[in-house]
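My request is simple: use the sequences and hints to build the entire structure.
Chains as they are written, first to last, in this note's numbering: chain F, 1 to 478; chain L, 1 to 478.
No lab work stands behind these hints: they were computed from the structure. We treat Cβ as the ideally placed atom computed from N, Cα and C, and that holds for glycine. Any given hint might turn out to be false.
As the list claims (entries may be wrong) - Per the computed footprint, the stretches of chain F lying under chain L, defined by three or more beta-carbons under 8 Å from a beta-carbon of chain L, are:
1. 26-37
2. 44-51
3. 66-77
4. 108-118
5. 223-231
Claimed, not checked - Below, computed lysine-lysine pairings styled on BS3-like, alpha-carbon distance capped at 30 Å:
6. L:Lys302 x L:Lys324
7. L:Lys335 x F:Lys37
8. F:Lys317 x L:Lys37
9. F:Lys335 x L:Lys250
10. F:Lys82 x L:Lys62
11. F:Lys62 x L:Lys148
12. L:Lys324 x F:Lys62
13. F:Lys324 x L:Lys250
14. L:Lys84 x F:Lys37
15. L:Lys335 x F:Lys250
16. L:Lys82 x F:Lys148
17. L:Lys317 x F:Lys317
18. F:Lys324 x L:Lys302
19. L:Lys324 x F:Lys250
20. L:Lys37 x F:Lys84
21. F:Lys205 x F:Lys82
22. L:Lys335 x F:Lys62
Number of protein chains: 2
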Amino acid sequence: MAAPKKVEQITNMDADFAQWFTDVVTRAELISYSGAKGFFVLRPYGYAIWENIQNFLDRRFKDYGHENVSMPLLIPESLLQKEKDHVEGFAPECAWVTFGGGEELEERLCIRPTSETLFCDHWAQTVHSWRDLPKLYNQWCSVLRWEKTTRPFLRHREFLWQEGHTLHATEEEAIAETERMLEVYAETYTTQLAMPVIRGLKTDKEKFAGAERTYTIESMMHDGKALQACTSHYFGDGFARAFNITFTDKNNQQSYPFQTSWGLSTRSIGGLIMTHGDDNGLVLPPRVAPVQVVVIPVAAHKPGVLDAANELWQRLKNAGIRTKVDDSDNSPGWKFSEHEMRGVPLRIELGPRDIEASKCVAVRRVDGEKVEIPLTELEARIPALLDEIHDLMYAKALKHLNENIFTATTLDETRDIITTRGGFIKTMWCGDAACEVRMKDDAGVSSRCIPFEQEHIADTCPVCGKSADKMVVWGVAY
Amino acid sequence: MAAPKKVEQITNMDADFAQWFTDVVTRAELISYSGAKGFFVLRPYGYAIWENIQNFLDRRFKDYGHENVSMPLLIPESLLQKEKDHVEGFAPECAWVTFGGGEELEERLCIRPTSETLFCDHWAQTVHSWRDLPKLYNQWCSVLRWEKTTRPFLRHREFLWQEGHTLHATEEEAIAETERMLEVYAETYTTQLAMPVIRGLKTDKEKFAGAERTYTIESMMHDGKALQACTSHYFGDGFARAFNITFTDKNNQQSYPFQTSWGLSTRSIGGLIMTHGDDNGLVLPPRVAPVQVVVIPVAAHKPGVLDAANELWQRLKNAGIRTKVDDSDNSPGWKFSEHEMRGVPLRIELGPRDIEASKCVAVRRVDGEKVEIPLTELEARIPALLDEIHDLMYAKALKHLNENIFTATTLDETRDIITTRGGFIKTMWCGDAACEVRMKDDAGVSSRCIPFEQEHIADTCPVCGKSADKMVVWGVAY
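If you want it as structure tokens, here you go:
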């Protein structure tokens with residue numbers, strides 16, 4: 001027999017947050033490195049989190065009338081070039097296919113970094129009348145962006161996402177869609193991933209290549225840095241004009257339709273890890289955890305213990321709870337650490353004395369709190385406990401956000417806060433891109449967004465001193 | 001107002017089956033062509049069929065303990081070359097990425113034509129002990145094969161599929177897995193797509209590049225041609241040796257594990273179209289049809305008709321039936337033809353007189369049969385009718401298969417049957433690849449499989465006249 005496995009050490013968060021993150025994602029078997037730089041393998045435990053996020057989002061998309069489609073992986077260079085801002089933004093990150101079937105291609109093909117051009121090309125062929133609108137499409141796929149530095153979940157050369165693309169007869173309808181989908185994302189983050197969010201508009205400098213407006217959700221990681229959690233773009237009719245998509249409106253006039261796109265990726269998994277994790281490893285939000293409850297038989301060799309554990313598993317499974325029994329021959333102590341490291345929200349310990357007393361002990365991953373549960377009340381108590389854990393995790397993350405968001409009225413103050421305390425900084429902003437650049441150069445922060453919830457912090461821009469009526473949130477971003 | 005739409009003409013099946021197929025897939029809006037040759041757009045109505053197939057398969061995979069993962073899109077050339085037969089088979093069809101991020105790559109990367117090499121590379125890093133086995137993995141993705149001639153659904157340069165990859169401690173276990181997954185596929189075809197299947201083993205000439213054995217499901221299309229519906233491969237330990245995947249077995253010995261892979265693609269949608277379609281268009285099997293029931297209000301302007309149609313829709317939706325009301329301003333006649341062309345299994349007509357009599361008329365797409373249904377019995381009768389339609393479609397396809405499968409004992413007879421009647425031909429075979437090649441050269445048929453259900457047709461091979469103990473099914477394949 002092989003020696004019992006040891007739970008491998010994880011670097012202390014405060015000592016080296018980046019190394020902590022890498023330790024956690026690899027040791028919890030979420031991800032592993034592949035032979036091609038910047039490309040990762042999503043292992044079963046990591047992919048299952050993505051599947052749970054997918055299930056929630058896909059249902060919401062369909063509730064709102066969206067339909068799934070599949071667009072080609074490759075974009076001919078001439079197609080990518082049709083919208084100028086868009087190609088300028090993405091060309092430097094493209095991967096190019098130049099040979100196929102043993103022959104050099106006449107026109108090189110880009111692996112999609114995003115699919116606006118493909119949807120436009122399709123709509124130019126298929127949209128003719130107001131009866132054909134709106135088009136509410138989504139696709140689940142991977143995209144490629146040739147990043148120089150890569151990190152698991154946060155920056156891959158290939159990442160999984162969904163990209164929604166919609167086309168509307170009016171500007172109002174398209175803007176409403178852009179905002180609605182941002183709300184769906186906010187709902188996903190708060191109700192599924194237990195992450196508080198800041199909703200807002202990107203500045204022109206930070207918006208998506210080709211967009212008129214980019215809405216964003218920004219979230220704060222444990223180290224105070226910002227993660228752009230997802231975005232929703234309003235394109236106006238710019239792409240429609242570039243791709244010559246027209247339709248006959250109700251007044252029999254030829255018009256250009258208005259367009260949106262919005263995406264959420266596996267980056268969200270990086271976000272939840274860096275929001276909730278601790279020195280013992282992952283802490284998974286119950287609604288997306290692949291295993292919500294792990295049952296650990298104590299003194300499993302004693303008669304009846306394993307049977308009782310399996311019965312408990314069956315009952316929880318029937319109640320729709322993702323449950324696992326760890327009946328391996330490792331010690332209970334090893335199992336406690338291992339499933340703690342893997343972030344399982346609830347551990348149930350069940351030994352001969354528990355069985356005799358017709359109860360079990362449930363231990364919450366988030367705070368270690370132990371709860372005795374009569375076995376008769378299992379189906380009612382466990383789902384309630386999981387909801388409690390979700391709420392606790394959300395509250396904890398919200399407290400962290402609120403404690404690490406500061407206000408400043410000068411450039412010096414901004415620099416001082418970011419270097420001594422980190423976190424997010426709220427300031428006024430005059431709207432001038434030059435001031436935004438100086439914030440980056442002199443204080444080391446980038447604009448995260450112009451939040452929907454505005455506050456009046458001062459009358460003037462902290463950089464140029466001119467009058468300013470917008471509040472911006474700044475931070476150091478992943 | 002625009003003039004009412006006309007249902008576009010579809011080419012007659014018997015006049016030109018290939019053109020009929022193209023007409024159907026484009027006019028029913030399953031698919032459309034893209035700017036890159038051989039790449040297609042799966043439109044909502046086509047993709048929804050795929051989603052229904054996915055849902056069934058994914059549940060079955062998980063029932064059998066498989067876990068979903070995501071492997072990289074790109075394979076470094078050196079990795080692809082590790083298993084010799086495999087690279088020989090796939091290299092001619094590879095698409096190569098040679099530039100990324102504005103720079104020429106040091107090593108070119110192939111877009112995955114299939115992912116055996118990627119799974120092996122991952123397992124070489126992660127499998128160490130018998131405790132790590134079996135690995136039962138699956139991924140949903142697209143793959144690229146640079147085909148010269150392409151056709152919607154049947155032969156794409158990029159196609160969607162699932163690829164299962166498993167690794168086992170013993171040969172017996174791996175072979176059992178290969179056979180089990182073929183059965184899951186057979187179940188999918190028969191119970192979901194209403195398609196009869198022939199299960200069997202591929203000859204060495206026709207097996208997958210690198211496999212020891214390839215199991216296949218072959219099905220017969222309306223024109224008598226064969227479609228390879230899906231395959232399941234047993235690799236022995238060939239890949240494990242090439243990629244140096246080893247594990248410590250229970251006796252503390254270093255061993256090579258045994259491997260399988262199996263895939264089913266969007267080709268299956270081409271198969272169901274060419275099995276069930278008719279001169280009026282698509283005929284969709286109810287269990288994968290995106291819309292199972294379309295409700296068409298008759299005299300919709302009369303008071304109460306639209307409300308009654310919507311109530312009917314709500315009741316069927318609550319009963320878990322995918323239902324749509326066509327309340328567009330097109331004529332009922334146009335709607336009948338349009339939804340017939342789109343293959344909706346059941347059409348419900350509902351007019352003022354029906355409402356008064358508290359009934360509706362359901363019309364079966366497969367045979368035009370009309371059934372009166374009391375509105376009170378809707379929730380019981382409609383699911384039963386959909387099951388009946390499924391059974392009818394299966395029986396019809398099975399009859400067609402049985403009527404077009406012939407036996408032959410000589411090469412001349414084989415050639416004669418295939419040129420005059422088409423279909424499948426069963427003959428004995430000595431096992432010599434040279435005889436298989438002559439069947440192709442002289443009779444124009446390829447071996448489809450050596451069926452599991454063997455018959456004794458003759459004592460000798462129809463080509464060489466030597467003793468033969470295997471029965472092979474031959475045909476002209478898509």
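How the hints compare with the structure:
no.: 1; hint: 26-37; result: holds (count 4)
no.: 2; hint: 44-51; result: holds (count 5)
no.: 3; hint: 66-77; result: holds (count 10)
no.: 4; hint: 108-118; result: holds (count 4)
no.: 5; hint: 223-231; result: violated (count 0)
no.: 6; hint: L:Lys302 x L:Lys324; result: holds, 20 Å
no.: 7; hint: L:Lys335 x F:Lys37; result: violated, 54 Å
no.: 8; hint: F:Lys317 x L:Lys37; result: violated, 48 Å
no.: 9; hint: F:Lys335 x L:Lys250; result: holds, 22 Å
no.: 10; hint: F:Lys82 x L:Lys62; result: violated, 44 Å
no.: 11; hint: F:Lys62 x L:Lys148; result: violated, 37 Å
no.: 12; hint: L:Lys324 x F:Lys62; result: holds, 14 Å
no.: 13; hint: F:Lys324 x L:Lys250; result: holds, 25 Å
no.: 14; hint: L:Lys84 x F:Lys37; result: holds, 24 Å
no.: 15; hint: L:Lys335 x F:Lys250; result: holds, 22 Å
no.: 16; hint: L:Lys82 x F:Lys148; result: holds, 28 Å
no.: 17; hint: L:Lys317 x F:Lys317; result: holds, 27 Å
no.: 18; hint: F:Lys324 x L:Lys302; result: violated, 58 Å
no.: 19; hint: L:Lys324 x F:Lys250; result: holds, 25 Å
no.: 20; hint: L:Lys37 x F:Lys84; result: holds, 24 Å
no.: 21; hint: F:Lys205 x F:Lys82; result: holds, 21 Å
no.: 22; hint: L:Lys335 x F:Lys62; result: holds, 25 Å
Checked against the numbered hints given earlier, this structure breaks hints 5, 7, 8, 10, 11 and 18; the rest are met.
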